[in-house]
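Asks: Sequence:
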Amino acid sequence: MSALDDQLLKELVTAGKVTTEQAAEILKEQGASGGDLGRILIARGVVSEEDHAKRRARALKIPYVDVESLQPDPEIITLLPEKLCIRVTAVVLDRRDGELMVAMENPGDLISVDELGRECRLRIQPVLGSRSAISDSC
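Oh and the sequence shown: position 78 is 91 in the numbering used here, straight run, nothing missing.
The set of hints was computed from the structure by calculation and includes no laboratory data.
C-beta: ideal position from N, C-alpha, C; glycine also.
The reader is advised that the hints may include incorrect statements.
For lysine-lysine, the following DSS-like pairs were computed, each having C-alpha atoms within a straight-line distance of at most 27 Å [what the hints assert, rightly or not]: (1) 41 x 30; (2) 41 x 67; (3) 23 x 74; (4) 74 x 30; (5) 96 x 67; (6) 41 x 96; (7) 30 x 67; (8) 41 x 23.
Derived CB-CB ranges, DEER-like [said to hold, decoys possible]: (9) 112 x 34: 41 to 51 Å; (10) 89 x 19: 16 to 26 Å; (11) 45 x 75: 38 to 48 Å.
Work out the full structure, taking the sequences as your base and the hints as a guide.
Replies: As structure tokens, then:
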């Protein structure tokens with residue numbers, strides 16, 4: 014389990030979303046399956062996908078963006094190939110001052126951030142968005 018997962022699970026226990034016993038069960042499931050903690054929490058109904066994304070953004074100290082509420086300019090969306098965006102779960106949101114704001118499910122994936130930047134030849138400003146909202150926007 015990563016330090017981020019540990020922090021998120023402790024936060025959920027403190028907030029009363031799960032008991033310490035449930036947290037132990039979730040950790041056991043994660044260890045046995047090798048699955049993603051967030052997906053396990055969402056599947057169990059502990060948190061919504063959006064709530065989990067917001068909690069991750071706070072923990073990572075990066076902005077969370079409600080992708081569904083935005084309507085990016087269709088011209089900037091074409092700055093990155095659709096196949097690449099689908100593969101790394103990302104969607105272009107805005108372009109300002111030589112930077113491209115991109116919502117990602119995993120903005121901490123620096124390899125993907127670098128790949129996006131090389132593809133469009135712009136500096137990438139990653140923000141966090143929910144997986145389903147990004148997938149629906151691709």
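Asks: Next step is simple, just say for each hint if it's right about the structure.
Replies: Outcome of the hint check:
Of the supplied pair hints, the one linking residue 41 and residue 30 holds, its CA atoms being roughly 18 Å apart against a limit of 27 Å. With a C-alpha separation of about 24 Å, the suggested pairing of residue 41 with residue 67 holds against the 27 Å cut-off. The suggested pairing of residue 23 with residue 74 holds, with an alpha-carbon distance near 17 Å, which does not exceed 27 Å. For the suggested pair residue 74 and residue 30, the alpha carbons sit about 22 Å apart, so the restraint of at most 27 Å is met.
Taking the CA atoms of residue 96 and residue 67, the gap is about 26 Å. The hint holds against a cut of 27 Å. At roughly 35 Å between alpha-carbon atoms, residue 41 and residue 96 are farther apart than 27 Å, so this suggested pair is violated. Of the supplied pair hints, the one linking residue 30 and residue 67 holds, its CA atoms being roughly 15 Å apart against a limit of 27 Å. Among the hinted pairs, residue 41 with residue 23 is consistent with the structure: their alpha-carbon atoms are about 15 Å apart, no more than 27 Å.
Taking the beta carbon of each, residue 112 and residue 34 are about 46 Å apart, inside 41 to 51 Å as hinted. About 37 Å separates the C-beta atoms of residue 89 and residue 19, a value inconsistent with the hinted range of 16 to 26 Å. Remark: the range hint 38 to 48 Å for residue 45 to residue 75 is contradicted by a beta-carbon distance near 30 Å.
Consistency note: the structure conflicts with the earlier hints numbered 6, 10, 11.
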